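Number of protein chains: 2
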Amino acid sequence: MKPIETTTRDWIIEQSAILFNTKGYFACSLSDIMQATHLQKGGIYNYFRNKEEIALAAFDYAFQLVMRRFRSQLDQATSCWEKLNIIIDQLASMAFDPVIAGGCPIFNVSVEAPRLDPALMEKAKHGMQMLTRYIELKLEEGALHGEFTCQKPYREIASVIVGNLEGANIVARTLQDPDRLHWAVDHTREYLKLNCLRINF
Amino acid sequence: MKPIETTTRDWIIEQSAILFNTKGYFACSLSDIMQATHLQKGGIYNYFRNKEEIALAAFDYAFQLVMRRFRSQLDQATSCWEKLNIIIDQLASMAFDPVIAGGCPIFNVSVEAPRLDPALMEKAKHGMQMLTRYIELKLEEGALHGEFTCQKPYREIASVIVGNLEGANIVARTLQDPDRLHWAVDHTREYLKLNCLRINF
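The listed protein sequences derive, respectively, from chains A and B.
For the first sequence, numbering that gives the first Met the number 0 puts the final residue at 200, and the numbers step up evenly by one.
For the second sequence, numbering that gives the first Met the number 0 puts the final residue at 200, and the numbers step up evenly by one.
To be clear, the hints were calculated from the coordinates, so they are not data collected in a lab.
All figures in this text were calculated on a predicted structure; none of them were measured in a lab.
Take the hints with a grain of salt, since some may be wrong.
Stated by the list, open to error - With a straight-line Cα cutoff of 27 Å, these simulated DSS-like cross-link-like pairs (lysine-lysine) come out: (1) A:Lys-22 with A:Lys-1; (2) B:Lys-192 with A:Lys-151; (3) B:Lys-192 with A:Lys-192.
Stated by the list, open to error - Which bits of chain B does chain A cover? Going by a derived footprint, with three or more residues having C-beta under 8 Å, they are: (4) 9-16; (5) 47-59; (6) 76-88; (7) 183-192.
All residues carry an ideal CB built from backbone N, CA and C; glycine is no exception.
Start from the sequences, fold in the hints, and give me the full structure.
Structure, rendered in structure tokens:
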């Protein structure tokens, strides 16, 4: 049921975001969206021209959910070191405690990206860039604050952190074995310790 | 054009394997398969009952291609240490020099797995298990031969290696930046060195 205070456009976006993130862009049909929203085709086409337009808006919405969860967790930390460790936990949590059904939307769209329309592919790229860039900033900030010294370029450390955890998400999900994710978290924490040498600790 | 010595069944499998691996299971339609094979619907349904049956056979075929490439590279190595390093290179090569267009088929099917029919989901799980299990065996064998001593359980090391490189494949592909993959290879080699301490070297 659509809550009274939600606009129809937002309602379509929210329901479609869940569908796209669980079924994937290709497997999600207009009929699926009609069924989930309890709207007729015309009711949906009042707001969006086609499935791609819905998918673009749905990705923006899902991306905001991820960012909001990240921010609410990160706000509780004071040091960059803590923030980096929270990011590791948050990336891992996307598999078994996702902000939106189906796992990490940035990752799900990235995986489908080479098969998607250019606009959606750009969204995936942009989402991945935002994620890695945020980690780079925390690394640089921590180094500037004198919390730690980085042994490798920020871009390289950030890329490895994201890759390790996104890959572990897939391995854990495919083998239906959450241990795989815990091992990746331990391993990525160790990697961070080895490559960001903490000062005065 | 179908080569003369290829059976029609094999021809359908080979062409479909490329389609499924590039477009994904859902986006690949029977019309795509008809177009790629130059066959009519009836010509395809002589050999397969439905799209799922083609997809299952296509996955087996693509999986064999991966295994064949692994084996041909691994046969050139004598020590388990060398073999483990070759596996790292091979997993990384799936993004930019794949055995079949579209990247690593085990990974591509795994990513779609939660959305697929149970039989295809089982295939993905089985493929991932074979891959991680093979690494575990080489770790155990190397330890038995006295090449190195492992600092962590074989399952954990194998899982981290696969996760790191599969994740890096996605990050590199999404950002269209091969460096991401090279960093993951360096990082995973370092991880191996830290967790499999070589003896007499």
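Looking at the structure, which of the earlier hints fail to hold?
4, 5 and 6
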